[in-house]
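Peer 1: For reference, the chains in residue letters:
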Amino acid sequence: MTQPPVGELEQLVLLSILRLGSEAYGSRVARELEREAGRHLSRGALYTTLDRLETKGFVRWKTQAGGAERKGLPLRVYSVTARGIAAVRTAHRLLNRMWSGLEDVLGEQR
Amino acid sequence: MRREPPWLADWLLRVSLPGERRDVIRGDLIEEFFEGGATPAARRRFWRHALSVAMRYRGRSRPGAAPTLDRSGGATMLESIAYDARYAVRSLRKRPGFVAVVLATLALGIGASTAIFSIFHGIVVKPLPFDDADRLVFARELDGGEGSSFAWPNYLDFKARAQSYERLAASQANSFTLTGVSQPRRVDGRLVTWDFFDVLRVRPQRGRSFTDADDRAGATPVALISDRFWRHELNADPGVLGRSVRMTELTFTVVGVLPPGFRYMRTEDFFVPIGLTITKDSGWLDRGNHFGLYAVGRLNAGVTVEQAHAEAQRIAADLAREYPNTNSGNGARVVLLKDRLINAVRETVVALMGAVGFLLLLACVNVSNLLIARGAARQHELAIRAALGGGRWRLVRQLLVESLMLSLAGGVLGLALAFWLVRGLVALAPPDIPRLDEISMNTASVFFGIGAALASGIVFGAFPAFQVSSQRQGHVLAGTTRTGRAFAPNRTRRVLMAAEVAIALVLLTGCGLMARTMMRLNAVDPGFRADSLLTGRLSLTGPAWTAERRRTFYGELLRRVSALPGVERAALTLSLPIEGSQWGSVFVVRDKPVPPRAELPSAAFVPVSTGYFDTMGIRLLRGRTFGPQETATSQRVTVVNESLAHRLWPGEDPIGKQLKQGWPETPEDQSPWREVIGVVADVKLEGVDQETPMQAFVPIHHDPARSVALVVRTTTDPASLISSVQAAVLSLDKDLPFSRPRTMTALMGEAISRQRLSATVLAMFALVAVLVAGVGLYGVIAHDVAERTRETGLRMALGAERGAVLRLFVRQGLVTAAIGAAAGLAAAVALSRWMQALLFDVTATDPLTYAAVVALLLGVSGVACYVPARRATRIDPLLALRTD
Chain A
1 MTQPPVGELE QLVLLSILRL GSEAYGSRVA RELEREAGRH LSRGALYTTL DRLETKGFVR
61 WKTQAGGAER KGLPLRVYSV TARGIAAVRT AHRLLNRMWS GLEDVLGEQR
Chain B
1 MRREPPWLAD WLLRVSLPGE RRDVIRGDLI EEFFEGGATP AARRRFWRHA LSVAMRYRGR
61 SRPGAAPTLD RSGGATMLES IAYDARYAVR SLRKRPGFVA VVLATLALGI GASTAIFSIF
121 HGIVVKPLPF DDADRLVFAR ELDGGEGSSF AWPNYLDFKA RAQSYERLAA SQANSFTLTG
181 VSQPRRVDGR LVTWDFFDVL RVRPQRGRSF TDADDRAGAT PVALISDRFW RHELNADPGV
241 LGRSVRMTEL TFTVVGVLPP GFRYMRTEDF FVPIGLTITK DSGWLDRGNH FGLYAVGRLN
301 AGVTVEQAHA EAQRIAADLA REYPNTNSGN GARVVLLKDR LINAVRETVV ALMGAVGFLL
361 LLACVNVSNL LIARGAARQH ELAIRAALGG GRWRLVRQLL VESLMLSLAG GVLGLALAFW
421 LVRGLVALAP PDIPRLDEIS MNTASVFFGI GAALASGIVF GAFPAFQVSS QRQGHVLAGT
481 TRTGRAFAPN RTRRVLMAAE VAIALVLLTG CGLMARTMMR LNAVDPGFRA DSLLTGRLSL
541 TGPAWTAERR RTFYGELLRR VSALPGVERA ALTLSLPIEG SQWGSVFVVR DKPVPPRAEL
601 PSAAFVPVST GYFDTMGIRL LRGRTFGPQE TATSQRVTVV NESLAHRLWP GEDPIGKQLK
661 QGWPETPEDQ SPWREVIGVV ADVKLEGVDQ ETPMQAFVPI HHDPARSVAL VVRTTTDPAS
721 LISSVQAAVL SLDKDLPFSR PRTMTALMGE AISRQRLSAT VLAMFALVAV LVAGVGLYGV
781 IAHDVAERTR ETGLRMALGA ERGAVLRLFV RQGLVTAAIG AAAGLAAAVA LSRWMQALLF
841 DVTATDPLTY AAVVALLLGV SGVACYVPAR RATRIDPLLA LRTD
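Top to bottom, those sequences are chains A and B.
Counting along the first sequence from 1, when you hit position 58 you're at 58 in the working numbering, and nothing is skipped either side.
Counting along the second sequence from 1, when you hit position 867 you're at 867 in the working numbering, and nothing is skipped either side.
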């Protein structure tokens, strides 16, 4: 299946969205990335990455009304599409395939 | 109260993000801001995120997408303005000559305005450099309506009775002679009451201020010195506190050093408590003596200066009732300290600001004209643009962006020019202009310059933008503008041209009036021969200089100086002409009834040496001047000036009459009757542009003043004799400086330096205005000629003479100029009121000046029209008919 490739950063973003579920909007994704993956992403880069993922068809979003803590401004909650999940899976499998045979080099020292 | 996210960053997000994304991202960032506790750290994060997002999106609907022309496609405001800006740069780059002229005109206009604004701001607007300076007031007494200083007992009563002040101190400007150094010098200083610095809220950088205990007769003499004095005279000695400084009068102990940059009224170096001089026989305790003491006070909270003034007048009236002998007819005046300081120059500076406004307007009108001309040349390009997208408003915005870019660029250049102009003007300015050292290009100037640039951009841009965009696009594209009258920018241009001529005329009129003022000032007959005169001052203060010793010294000094090579003769006087003296004294005339106190006449009593009138070249009109008959014991005599003779004895012969200095009841041994032995011509005593007061000259032999001016008439250049005269003085007393040596001509030049500065600035403006207007007129006519080539060719082919064609164009140009001149004349007359303060002996509606200015302007206009019109005559009719 021909898929547009998923870069490392994009993978991490997609995984963060999956982990966050219904809380997957802008600032939460940034926080998740930072906390779990230790990746600090500039806000501009984050939003443009989300746009790119949308163009590639890996995510879609739904608008929700925002509360007073956002001065009533709307909220975009992202979710990963089937294509997106497939792309992540492919990338994971690819990586595993490249890893195989190299456990003694790449594996942890016991 | 909840803290809000930074509005500026939020605004940035709003203009740089497109569509729905904008609100979502804003919402995210705002939510994070509040989650972060709205702390300063959260604010910084908000900014960081906002900048990062704005940079990425940069007005594009999708990063990496090409910007679109139309508004409906989700393009943001920032995006389309950025597009307009790029387009403007592209199109301006194609016309470097045009851009250069516009930038030069704007730079000149904005630069000159900003420079004058800096001066205006530094002098008039900026508060004085004291804490709460708008609470500081200056108080003085009034003598029959004229300003006068305080009598010490009056000051004490004011201080005790007034409720308006937190504190009221007083001071007297003075100078000291620094001795005990290789070159004795005069040092300017001030006698102050102990609380003087407390009123100003100035604390010494080292040591202490004065206390009540320092401020009485018999106290140990202490002094506060300026930072400059500490550094230059005492080499910034860290052990300066407790050091002694010897002045002729006393030796003072330094108790404190004032902060650097401290200045009150004038630059002074040495401050001592006034109480030291207020002894029983000093004359200070006499309520009738006014020795140059003025008060400075800090108003209580809630008290206005008007209230303080009213109170002071009430107190003065009370004192006049309680002490009718000395205080009758006296009043008082209280003004803001700043007003006192800048009064003399305020009107001049305001008038210059007005002139500057005109220059800026002229620059805008001229640039507007240029833009319209260029718009006419760009018809096609603009029509296509308009047809392609957005319609008229889009085009207007495009042109406005172009104007604003030009004006901001011109503004930046103008600010650079202003920087140099301010430095130049401050260097040229007469040193006695108040607050000269506070003038600089600062934040206020930069704001003014940018504001002027933006305003100009809108003013000169809006007009052509609407003008040009109102064409009927269809006609233009179809090329049916052959007749050149599908639109008529030329009529608009003519109107603008007339406006330019009007403005140039107003500025030229101001310049012309100032030029005549300068001529008048220079033509004033000062009453004496000012050439080849050297002057300087000597001060013989201190108890060691008794009257007898002074007398002997003066005699010996004149002998030595007269014997110097290059010296024709020398003399002494209490006050130099032009530089003036404030020493007036009432006097009584023997053969007339004594008028009431308030109406007693007052004259300047000037002790002079015998050869004074000859040395100065003052004409003797009647009788004789002083001679060897005047000894220590002879009858007291006086020589009066013409004004006094006419005022007191109109139509009579004043020779032989008697007068007495002082009040009618002053005993004769203090002030004897003097016989008038001669009348001399009036001499300008207080400045070239001032009235001549009454003067009575007395022999210095009888009244050996402590402070005198030496005047030396030389056979060679007076400046070359300064050192030999100084040596002669020092040879008589090594502790005596010959201070402020200057030639008389230099002194007179200084007296009118303020008017000279105004005249120079206005001349500069007028020159620029005439140049700009002339070049503008040239441009209009040249454009006219080019546009009507076909028509001209047709005329000539049909038999019109070249001369007639020339006259046609010139006449049209001159009519425009004449209309402008008429409008300018009306404006100049209307504004003449504000000019009057600057002028001397010239009315602001002087017909001669106006006529000359109109003639000059029409002449220049004629030339400006003639040159391009001549080109019209050289048109080959055949070629012309073929052009399109």
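In case anyone wonders, no lab produced these hints; they're calculated from the structure.
Keep in mind that this is a model prediction, so the values were computed, not measured.
Mixed in with the good hints there might be a few duds.
Stated by the list, open to error - Among chain B residues calculated to face chain A with C-beta under 8 Å, some are:
| hint | residue |
| --- | --- |
| 1 | Asp23 |
| 2 | Gly27 |
| 3 | Glu32 |
A virtual CB, placed ideally from N, CA and C, is assigned to each residue, including glycine.
Peer 1: Compare the structure with each hint and give your call.
Peer 2: Status of the hints after comparison with the structure:
Contact between Asp23 (chain B) and chain A, as hinted, is supported at the beta carbon level, the nearest pair being about 5 Å apart and thus within 8 Å. With 8 Å as the threshold, the beta carbon of Gly27 (chain B) comes within range of chain A, its nearest partner Cβ sitting at about 3 Å, so the hint holds. With its C-beta approaching chain A no nearer than about 5 Å, Glu32 (chain B) sits inside the 8 Å limit, and its interface hint holds.
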